[in-house]
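Here the protein sequences line up with chains F and U, keeping their order. If you read the first sequence in the working numbering, its first letter stands for residue 1, the second for the next number, and so on. If you read the second sequence in the working numbering, its first letter stands for residue 1, the second for the next number, and so on.
By construction, these hints were calculated from the structure, which means they are not laboratory data. Certain hints may be false.
Stated by the list, open to error - In silico DSS-like cross-links for lysine-lysine, where the CA-CA straight-line distance does not exceed 25 Å:
#1 F:182 x U:87
#2 U:199 x F:203
#3 F:47 x F:277
#4 U:120 x F:232
#5 U:90 x F:182
#6 U:14 x U:90
#7 F:192 x U:87
#8 U:189 x F:192
#9 U:87 x U:107
#10 F:15 x F:47
#11 F:189 x U:8
#12 U:41 x F:203
#13 F:47 x U:120
#14 U:199 x F:192
#15 U:90 x U:41
#16 F:189 x U:41
#17 F:192 x U:41
#18 F:203 x F:192
Said to hold, decoys possible - Here are the computed distance ranges between Cβ atoms for each label pair:
#19 F:150 x U:108: 39 to 49 Å
#20 F:357 x U:26: 57 to 67 Å
#21 F:159 x U:173: 45 to 55 Å
#22 F:56 x U:53: 40 to 50 Å
#23 U:60 x F:180: 30 to 40 Å
Every residue gets a Cβ at the ideal spot worked out from N, C-alpha and C, and that includes glycine.
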Amino acid sequence: MNKNFSSELKNALKKLFSSYGYREYRMSGFEEYALYMENRNFLISDKIITFNDLDGRLMALKPDVTLSIVKNALPEKGIAKYYYTESVYRPNRANTEFKELTQTGLEALGEIDDVTTAETVELALTSLSLTGADYVLALSDVRFSEGLLDEFASGAESREYLRDILAKKRAGELNNAASNLKISEEGVKAFKAVISLPSGALKALDIAGRYAFGAKALQAIKELRAIVNAFKGTRFEDKLQIDFSMTGNTRYYNGVLFSGYVLGAAGAVLKGGRYDKLLDSFAKGKGAVGFALYTDELENLGAGDEDGADAVVIYKSGTDAGALFKAAAKLRQTGISAVVVPENAYNGGALRTFCFANGELTEEK
Amino acid sequence: MINVALPKGRLADKTLKLMTEAGILENVTDAGRKLVFEDEKSGVCYFLVKPWDVPVYVERGIADVGVAGKDVLLENAPDVYELMDLKTGKCRMCVCAENGYRDEPSKRLRVATKFVNCSKSYYASVGREIEVIKLNGSIELAPLLNMSDVIVDLVETGTTLKENDMGVITVISEISARLIANKASYRFKRAEIDRLTSKLGDVINA
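If we strip away everything but chain U, and leave its shape as in the complex, we get (with noise of 0.2 Å):
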């Protein structure tokens, strides 16, 4: 038996499309209340978590593969391997502002930002010195508001930036969903991993 960790949310609807065409799973939905499947025939186990929470459930060896998106990842950083680009969920991690916005570089940037760790590493690549403002969601709100000057968040595609006469600035990086595995799952569940890869890559490359 494998244990799956899948996100519920904005990746689950692919994700568990994706597992399905595979034939992994069968007849799944991520309506109702229920978060533990187990599928005998196939042999799998998998719960839906929230998608912050997969490599949690995967570094801690709780579920032996997951779907993270990239964001997630490169956020976190978790001792993980990373298998696969499932190549869906694509979107951006962006720097946007308000059109018209104009960089004053002799003033330090107030980012808000969901992302705290990829702002901070974008930054110092560039050697700008920020202010991290720490949001949970609605992150286009806080410089129509003047709480910054920019955001760092995920762009998928453009609408609601539109809808708040914003932009992108700059591309930080490409994300997608990635496949996942326990480090230690994967020296014990091999022959199992490499099945469900298998059958993941002949649909992402059909």
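Same shape as in the complex, but just chain F (with noise of 0.2 Å):
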């Protein structure tokens, strides 16, 4: 990403969640590496960069920041709301070697309910807005796909199976599976069903809901509809979309999970959701809601926008110091920003080239 629309981006984003009373959190870069071991599976990857501090305790360059905002700031009453703008290290995708990634993320801890978890939405949305890009958000929600491996799937095997053909949108599976794993007939509609959703996101629902079996995952169409109702009639209304692809780690998240998408970025750009079930190995009975917005991820927008000065000033060995500033001074009074370079080391690329010869500076056409 060009430094200018990483930083400009970044900078927008606190005044977004400062501008909802969001407070700036800011931690250390090391944890614990406890901390991590006991909530493994909270993690993307369990590599983890460890080392011995003086003390000879074992910590971690932090892999997450939501584990630690959890540890250290979770309120004993009411609901506490915090951003933050840190590195993380994880393995990368080919997993060879360690990365250090940006995020940019909040976090509201506490007693959460569904208002909160829709403005968590609403600042989902105009987090990705701000990328300048076409963006979608797409929401899903555990209880349903959980709801549907419940009354599908028989045993491990053919749940983790079913899991798999939902996340992998495997339709073209379901067939064996049905005869491989004794799906019925009615699973296999139901699954092609959901993994074939329409983009818009109400029409999703209603055949989604056709599909909600239990308690939980009736409650789960409910609320999403609540929270694309609650988008109706903004600019946000076609940028929602249902996707039960995401399935979410059933061990931390309990309800609505989001996955933000950008035009130009290969992968979802932005991840969270409703992690209450993380609290409970820290405080019993707390909710929480949160996401991360994953700014590498956007290095490819704005590249037209490249780094560097509008404009070059050539000057000759041997040039006078005081008069080749001078010059470039009264360049960068006309509002362009220049950069003076001695002529044997000028590579080309400039959008104008000036040379600055006999006190004089002249463009070159």
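Two independent chains are provided; combine them into the complex using the hints.
Structure, rendered in structure tokens:
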């Protein structure tokens, strides 16, 4: 990502989150390794950079921000709202080396209700809109997908297989699954319908509603419908989609899940959801909802707006520095940025090129 | 415009035929050195790449959709959607050995293969310790020269195995070509992707 785009986006996000009353949370670069070990299933990868601190404690370079905030800032009463911009250290996609990634995100902790969840969705949508590219926020809910699995899976193997089919949208494998894992015809029909839900959120919820099994799944559809309706008639109306291929880790997530996509980035750039269950190991009965925007995933956006100066001023060796600086300053006063470069070091590529010789500045056409 | 990554080689002819029958492409061949083709009429831009690279192009969003063998998907586990079984390029991923081979369960099994992850995963599921020998081709040679005990490879007709006095011991997985999609493209180009899958579905299920 070019530096201007990256820092402008981070500043805009900070301004946005502050305007909603979220407070900035700054954390240490390290945490005790035990925190991550105890909650390793919450993490995207269990590979963590560790080291022994000077007092012998095993420490880790943080692979995640949420765990640190939950551990250190969970309020006893009410709701605490925080945002952050932090580096995390995780294995790269090929799992061959560690990578430093930048996350900007927010967490609301404590007495979480549906309005707080909807507000988080609004902030996620607004965050995506700040990238300047077209965007979509896909919503899911673990209670719905678990209801579907409870209804049609028989045993752990079949459950994992069906979960994978849902996550990868492998509708083509459902008929094989039906014969190999004894999934009923009704089950095949339900999974096919849920895998290929239409883009329109309310239409998708109408269809999904027919396959909501159990009170929790019905509640999930009700809550998703309330979220979608909250944005009816706003600029976000067409930006929400329903997609149950996001199945989430049920040991931590207990409600709505969301993934944000922007045109031009290959994968999800924003991920989040309702994760009350993670809090159970810290304080019973509390709720939490939040998301993180992976600004590194936005590297290719704004690629046309490269770093560097608008103009290059080329000077010959032996040029009087004072005269050169005056000429360059005069150029900068016109509102453009200019970099001075010796003749033998100029590699081309500038939008405008000027030559400084004999005390004169002339533009090369 | 929708970008489609298609595999060169073994799957190419079958995939191109399927795409042509479905009316997605016109008069396309795998011949020649041209790699990118644009069909403005149908709004499809397609490029021919090595079969193992198709999921890479799709995962990174360079291609919105692509055609990849299930073997490549099992081995590399790319973060993409597998929208359709194209029911072409069918074969099986198998454990094979020389005819008359007898397994020695007390010994660590030497497995020659191009499919390192699939082999590890299969033998882990049956609790067998193995030594994987990664090869890039002519896998059948490994047991014949006593470099490995067995091989894990794709078997289509079994002719190559027969010619080398070998046979299938176990079928690990049924393989066929799959239509895969980039997760972001699926959201931004849903109508085009749905049109493509519907046309392909009509031909496959005809």
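Next item on the list: Verify the proposed pairing of residue 199 (chain U) with residue 192 (chain F), using a straight-line Cα cut of 25 Å.
Entry: Measuring from Cα to Cα gives roughly 18 Å; hence the hint holds.
Margin query: Within 39 to 49 Å: is that where the Cβ-Cβ distance between residue 150 (chain F) and residue 108 (chain U) falls?
Written below: holds, 41 Å
Next item on the list: Take a quick look at whether residue 90 (chain U) and residue 182 (chain F) sit within 25 Å of each other, Cα to Cα.
Entry: holds, 24 Å
Notebook entry, point to check: residue 15 (chain F) and residue 47 (chain F): Cα distance at most 25 Å?
Noted result: Violated - the C-alpha atoms of residue 47 (chain F) and residue 15 (chain F) are around 34 Å apart, more than 25 Å.
Next item on the list: Would you check the hint for residue 47 (chain F) and residue 277 (chain F), treating anything up to 25 Å between C-alpha atoms as holding?
Entry: holds, 23 Å
Notebook entry, point to check: So does residue 56 (chain F) sit 40 to 50 Å from residue 53 (chain U), Cβ to Cβ?
Noted result: The hint (40 to 50 Å, Cβ to Cβ) holds, given that residue 56 (chain F) and residue 53 (chain U) are roughly 48 Å apart.
Item checked: Agreement of residue 120 (chain U) and residue 232 (chain F) with the hint, judged by alpha carbon distance not exceeding 25 Å -> At roughly 50 Å apart (the allowed maximum being 25 Å), residue 232 (chain F) and residue 120 (chain U) break the hint.
Item checked: Hinted pair residue 87 (chain U) and residue 107 (chain U), Cα distance within 25 Å -> violated, 38 Å
Item checked: Range hint compliance [Cβ, residue 60 (chain U) to residue 180 (chain F), 30 to 40 Å] -> holds, 33 Å
Note to self: Would the hint linking residue 41 (chain U) and residue 203 (chain F) be met if the CA-CA limit is 25 Å?
What the structure shows: violated, 31 Å
Check: Is it true that the CA of residue 189 (chain F) sits at most 25 Å from the CA of residue 41 (chain U)?
Finding: violated, 35 Å
Item checked: residue 199 (chain U) paired with residue 203 (chain F) [C-alpha distance capped at 25 Å] -> holds, 23 Å
Hint compliance for this structure: hints 4, 9, 10, 11, 12, 15, 16, 17 and 21 are broken, all remaining hints hold.
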